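Each chain sits in its own coordinate frame; assemble them with the hints.
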Amino acid sequence: MPDEMLEQKASDKRIVRNYKKVMTVRDNAMMIKDVALERGSFGKFVAGFEKDNITELWAFLKKRGARLGGNTGPYMLRALGIDTFLFSRDVEDYLRKNDIIDGGLTSKKSLSAANAAFAQWHEESGRSLQEISAIVAYSWGTNNQVA
Amino acid sequence: MKESKLESFQSIYRRACERKGGERVLEAMLQAPLSKAQIEAIPDDRFFSGDDQKKCSSRASCGELLSKSGPTLKPYFSGSTLIKCC
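Protein sequence lines correspond, in order, to chains A and B. For the first sequence, our numbering assigns the number 1 to the initial residue and increments by one for each residue that follows. For the second sequence, our numbering assigns the number 148 to the initial residue and increments by one for each residue that follows.
Rather than coming from a laboratory, the hints here were simulated on the basis of the structure. Given the structure is predicted, the values throughout are model-derived calculations rather than measurements. Just so you know, not all the hints are guaranteed correct.
Calculated pairs, DSBU-like style, for lysine-lysine (alpha carbon to alpha carbon, straight line, at most 35 Å) [said to hold, decoys possible]:
#: 1; chain 1: A; residue 1: K33; chain 2: B; residue 2: K152
#: 2; chain 1: B; residue 1: K152; chain 2: A; residue 2: K51
#: 3; chain 1: A; residue 1: K20; chain 2: B; residue 2: K183
#: 4; chain 1: A; residue 1: K108; chain 2: A; residue 2: K51
#: 5; chain 1: B; residue 1: K167; chain 2: A; residue 2: K108
#: 6; chain 1: B; residue 1: K152; chain 2: A; residue 2: K63
#: 7; chain 1: A; residue 1: K20; chain 2: B; residue 2: K167
#: 8; chain 1: B; residue 1: K167; chain 2: A; residue 2: K33
#: 9; chain 1: A; residue 1: K97; chain 2: A; residue 2: K33
#: 10; chain 1: B; residue 1: K183; chain 2: A; residue 2: K51
Pulled out of the complex, with its shape left as it was, chain B reads as follows (with noise of 0.2 Å):
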């Protein structure tokens, strides 16, 4: 960080809720991330298939490539943990 003093988050925070409309207002925008526990918790496919929404949203899902390119891609998955983005 360069050698400036950082602005305290109450500050930041009473200027988003004056420019929102109010503190009511600011809260109901905000979304909580998940737990440690539940990010343990996602299965390897689920991280397989965000990346695929992220590269392939312009046409389909690759979970949705996979799906439509029939049953000659599964093989090549099979024995891994791969397995389960088929």
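The following block holds chain A by itself, in its conformation from the complex (with noise of 0.2 Å):
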């Protein structure tokens, strides 16, 4: 897909007004590409990741995809159903007030700790990392439904 017609199809009223956000479309569909080259396919690759180090698969969206750093890839795995925590405000804030991260949010400090904190309660109770989110914002807070 050309950069001219991109442009085009930014200024299209009828479908999308916002330029970077098309082009995001053939950036992260090429990243998808690529793995899918290396690896069989993109669910393939996802499924790789365990647990403990699904902050990994954050990082790499961050880094290789575009415009999906930030809550923005975490928020797709969800969608798709793909396990995963998530910093929603209830959940940022239980663990910056129980002392488990500090500073930036998405630091590799933060979100290595996060990660090793819902790591230790999925070990406890077996259930998975987007249950424990929800319930973990469900003591905490003003308990905003995505979690």
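Now the structure itself:
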């Protein structure tokens, strides 16, 4: 898909008006294609991540994908049904107030500390990261639905 | 992790139960993710589509973008796994 065509599509009011967002479609499609060629499928690649290193998948999406940093990558994974915790407001607040993380939310240190805590809770309970994430949120703060 | 004692999952769970009106209510609110086998079986175009929905939720998904844009975009995806996206 040439740039010129992407620009044309980005200005088409019938579909989408954000050029940068349209650009990410191609970039992320290429990322998926590259991984699929290397690993057989993107699904196989994603399934290879475990409970204790799921934030490495977040980091991969941030590094290799386009506009998939912050919460976007994890929320995309969640939307697809892939097991991950999320930094919802309640979860973040819990982790900060309990001194599990400090500083930047998406710093390597915070991601690693949060992942370690969730992996520990998984070990204790046998529950998925998704369920634990929701339970942490429901136990804390304003209980936002997405957790 | 900082030098802090990690609260037990059981303690967090009990508090969530109390706040949400009991164990049954809480459990009904939880959703299970896909299994590894199910994740492995997700076709590449589903990932693409999931990403699209996030990126273009303000207006339209990019699957929609591609379909609305007509056949002109399709040749650019031919010969690759991306053909499935169109």
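These are the hints, each one checked on the structure:
With a C-alpha separation of about 43 Å, the suggested pairing of K33(A) with K152(B) is violated against the 35 Å cut-off. Under the criterion of a C-alpha separation no larger than 35 Å, the hint pairing K152(B) with K51(A) is consistent with the structure, at around 20 Å. Among the hinted pairs, K20(A) with K183(B) is consistent with the structure: their alpha-carbon atoms are about 33 Å apart, no more than 35 Å. With a C-alpha separation of about 17 Å, the suggested pair K108(A) and K51(A) falls inside the 35 Å cut-off, and the hint holds.
Among the hinted pairs, K167(B) with K108(A) is consistent with the structure: their alpha-carbon atoms are about 33 Å apart, no more than 35 Å. Between the alpha carbons of K152(B) and K63(A) the distance comes to roughly 32 Å, so the proposed pair stays at or under 35 Å and holds. At roughly 41 Å between alpha-carbon atoms, K20(A) and K167(B) are farther apart than 35 Å, so this suggested pair is violated. At most 35 Å may separate the alpha-carbon atoms for a hinted pair to count; K167(B) and K33(A) exceed this at roughly 43 Å.
Of the pairs offered as hints, the one joining K97(A) and K33(A) is violated, with about 41 Å between alpha carbons and a cut-off of 35 Å exceeded. The hinted pair formed by K183(B) and K51(A) meets the criterion: a straight-line CA distance of about 12 Å does not exceed 35 Å.
Consistency note: the structure conflicts with the earlier hints numbered 1, 7, 8 and 9.
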